[in-house]
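**Q** The primary structure of each chain is shown beneath.
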Amino acid sequence: MSAQTLALAFFDGVAYAALVFLVAVGLTLIFGVMRILNVAHGSLYAFGAYASVSLVTGIGLMGWSPWLAYPALAIAAALVGIVLGTAIETLLLQRIYAKEEALQLLVTFAVFMVLENVQRLIWGVQPYFIGEPVQLLGNISLGGIEYTAYQTLLLPLIAILVLFGLRLFLKGTLAGQIILAVTEDREAATAIGINAKKVFLITFIIGASLAALGGALAAPTTSILPGMGTDMIVLSFAVAATAGLGQIEGAALTALLIGLGRSFAVYLAPEFEVLTPYLIMVLVLLVRPQGLFARPEARRI
Amino acid sequence: MPWRAILIIVSALCLLAAPFAAGWVQSFLVLAIAKGLAVLGIVVLLQAGQVSFGHAIFFAIGAYATAFISRAMAGGELVSLLIVSALIAGLVGLVIGLFVVRYRYIFFSMLNLAFSMVFYSILEKFFHLTGGSDGIRVLRPSVLGVVLERESFERLLYVVTILCAIGFGLLVDRYLKSPLGQALRAIKSNETRLEYIGVSARRVLLVAYVVSAVLCSLGGVITALAQGLATPEYAFWIRSGEFVFIAILGGASHVAGAFVGALAFEGIRNFAAILFADGWQMVLGLMLIGVVLFASEGIAGLWVKLTAKTAAQKSEAAQ
Numbered sequence: 209m210s211a212q213t214l215a216l217a218f219f220d221g222v223a224y225a226a227l228v229f230l231v232a233v234g235l236t237l238i239f240g241v242m243r244i245l246n247v248a249h250g251s252l253y254a255f256g257a258y259a260s261v262s263l264v265t266g267i268g269l270m271g272w273s274p275w276l277a278y279p280a281l282a283i284a285a286a287l288v289g290i291v292l293g294t295a296i297e298t299l300l301l302q303r304i305y306a307k308e309e310a311l312q313l314l315v316t317f318a319v320f321m322v323l324e325n326v327q328r329l330i331w332g333v334q335p336y337f338i339g340e341p342v343q344l345l346g347n348i349s350l351g352g353i354e355y356t357a358y359q360t361l362l363l364p365l366i367a368i369l370v371l372f373g374l375r376l377f378l379k380g381t382l383a384g385q386i387i388l389a390v391t392e393d394r395e396a397a398t399a400i401g402i403n404a405k406k407v408f409l410i411t412f413i414i415g416a417s418l419a420a421l422g423g424a425l426a427a428p429t430t431s432i433l434p435g436m437g438t439d440m441i442v443l444s445f446a447v448a449a450t451a452g453l454g455q456i457e458g459a460a461l462t463a464l465l466i467g468l469g470r471s472f473a474v475y476l477a478p479e480f481e482v483l484t485p486y487l488i489m490v491l492v493l494l495v496r497p498q499g500l501f502a503r504p505e506a507r508r509i
Numbered sequence: 015m016p017w018r019a020i021l022i023i024v025s026a027l028c029l030l031a032a033p034f035a036a037g038w039v040q041s042f043l044v045l046a047i048a049k050g051l052a053v054l055g056i057v058v059l060l061q062a063g064q065v066s067f068g069h070a071i072f073f074a075i076g077a078y079a080t081a082f083i084s085r086a087m088a089g090g091e092l093v094s095l096l097i098v099s100a101l102i103a104g105l106v107g108l109v110i111g112l113f114v115v116r117y118r119y120i121f122f123s124m125l126n127l128a129f130s131m132v133f134y135s136i137l138e139k140f141f142h143l144t145g146g147s148d149g150i151r152v153l154r155p156s157v158l159g160v161v162l163e164r165e166s167f168e169r170l171l172y173v174v175t176i177l178c179a180i181g182f183g184l185l186v187d188r189y190l191k192s193p194l195g196q197a198l199r200a201i202k203s204n205e206t207r208l209e210y211i212g213v214s215a216r217r218v219l220l221v222a223y224v225v226s227a228v229l230c231s232l233g234g235v236i237t238a239l240a241q242g243l244a245t246p247e248y249a250f251w252i253r254s255g256e257f258v259f260i261a262i263l264g265g266a267s268h269v270a271g272a273f274v275g276a277l278a279f280e281g282i283r284n285f286a287a288i289l290f291a292d293g294w295q296m297v298l299g300l301m302l303i304g305v306v307l308f309a310s311e312g313i314a315g316l317w318v319k320l321t322a323k324t325a326a327q328k329s330e331a332a333q
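Line order of the protein sequences matches chains A and B. Going by our numbering, the first residue of the first sequence is number 209, and it counts up by one from there. Going by our numbering, the first residue of the second sequence is number 15, and it counts up by one from there.
Just so you know, these hints were derived from the structure itself, not from any lab. Glycine included, every Cβ here is placed at the ideal spot set by N, Cα and C. Careful, some of the hints might be misleading.
[Unchecked claim] Restricting the straight-line Cα-Cα distance to at most 25 Å, the calculated cross-link-like pairs of lysine-lysine (BS3-like) are:
id	chain 1	residue 1	chain 2	residue 2
1	B	202	B	319
2	A	307	B	319
3	A	405	A	379
4	A	405	A	307
5	B	202	A	307
6	B	202	B	191
[Claimed, not checked] Looking from chain A toward chain B, a few residues come up when the C-beta cut is under 8 Å (computed):
id	residue
7	322
8	445
9	497
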């Protein structure tokens with residue numbers, strides 16, 4: 209393996225890790241606060257991608273400046289996160305917080321089935337592709353190879369911004385502190401006057417928007433197909449579980465680990481491309497069942 | 015007790031007679047009951063409160079084991095196909111089970127989903143071995159050395175399916191009422207206490223996992239034989255989701271729930287497929303939400319409640 213392919217695999221892996229991180233961090237945030245695994249998270253990712261395809265294509269048809277594609281990606285993500293996030297949380301999740309875990313899982317799984325179907329009804333099964341946002345930023349040349357600036361600079365940059373932004377928000381602002389308080393002890397937080405319901409709704413919208421943002425940013429780099437949501441929910445769960453559910457910084461490192469593992473597999477042993485993330489997850493969970501960065505919980509009798 | 019025997023015999027006779035009403039009924043019932051067998055596997059795990067989102071993997075393993083044997087031996091033989099395929103699935107279930115029984119709830123569900131997704135992509139990617147997304151054709155096997163015509167083979171497969179359903183239904187019922195089955199239920203109510211009385215929860219769950227893998231694979235074998243085909247779609251997550259859905263719809267409180275649920279589900283599907291051809295999955299999802307929110311005990315739960323009520327009324331009247 210030459211230095212060039214090594215570099216290629218590295219940048220590929222980082223770009224991929226950035227996207228996976230955005231989805232996984234939303235998943236892990238929702239789980240940390242609400243103790244619910246949102247299986248529909250993969251659909252939110254897919255909706256983010258499809259919505260941005262529609263918006264960007266719309267901008268092209270109207271003949272507006274192609275630079276508007278970038279705000280369009282963000283708008284698509286926010287739109288999906290707020291509309292679908294609010295609908296799912298208020299209409300369904302609020303009714304099931306008291307139910308047993310298996311039933312909660314089933315409900316989010318059912319939402320996933322419904323959304324996958326709705327997505328197919330709206331956008332059909334044909335693949336979509338929007339390349340403009342990648343082409344506009346041009347290429348950068350490193351060691352004689354051309355890389356797209358979108359993937360080598362923009363994606364990692366946004367992932368880092370989200371990581372530190374979330375950290376600052378949770379640790380440095382009152383709203384963030386309130387969310388952490390509910391995570392720590394919901395009853396005590398409610399007792400001192402925190403509106404846990406509202407916190408849940410806001411957390412879910414933030415998490416959903418992050419998943420949609422992942423999808424929106426992924427849209428220009430790959431072709432958009434049905435089934436992308438399924439792949440992503442399993443993969444982002446693998447990242448979140450390997451890190452330890454609820455671990456935000458851990459999710460970033462694990463996304464990087466799994467992203468790099470996968471892209472090196474593409475070059476070294478292509479048959480194992482799909483398997484690598486799961487192999488990494490299985491190996492980690494065998495040694496540390498609670499994940500890399502979480503402390504084991506005391507057993508309750 | 016005799017009531018139960020009568021009920022089983024009457025429903026078996028009804029099932030045997032049903033194909034005479036119309037030709038399509040038989041192939042419909044074979045597939046529905048095969049699905050019921052797979053759902054029975056999910057019901058076993060539900061006793062411990064665990065939901066697997068990936069059990070279609072064992073359905074597919076059964077189907078592909080049959081397909082490979084069929085390809086290698088120009089059809090093979092029905093009884094040995096059933097036994098060997100179920101054994102293979104049981105072995106795979108043991109290996110995967112050793113890993114997943116360490117986990118509960120979310121992890122259990124999602125790890126199963128991960129395994130089935132990996133298997134699905136292997137089936138699709140390793141084209142030269144598995145035929146890719148077209149799958150493998152399954153030839154008509156001989157039965158105990160006798161080569162049958164298509165029509166009589168299908169009739170025989172139907173009878174075998176019914177026998178499997180009754181036999182495994184009764185076996186699973188016994189298993190769930192045995193100490194091992196009771197220990198399985200204790201995992202749901204309080205696992206730590208189970209460990210305190212000296213029972214290994216992991217081992218209890220592992221047995222259940224292997225049982226459920228074998229049941230799912232039998233469903234897969236019968237489906238592959240009935241359709242003459244094994245495709246990667248058998249391992250797809252939507253199928254796993256269907257199994258879980260039927261288990262919840264039928265209700266986990268009684269083994270009959272799996273089969274009643276499967277028949278109801280396939281029946282509904284035949285109508286819904288005509289009414290909402292593209293929206294079938296959505297209908298399924300919405301129904302699942304409805305059942306979870308408003309009738310989480312399923313059809314079997316309603317039945318158990320109803321019989322408990324009439325029994326209570328009877329004893330009241332006697333007093």
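**Q** Broken hints, numbered, in rising order?
**A** none
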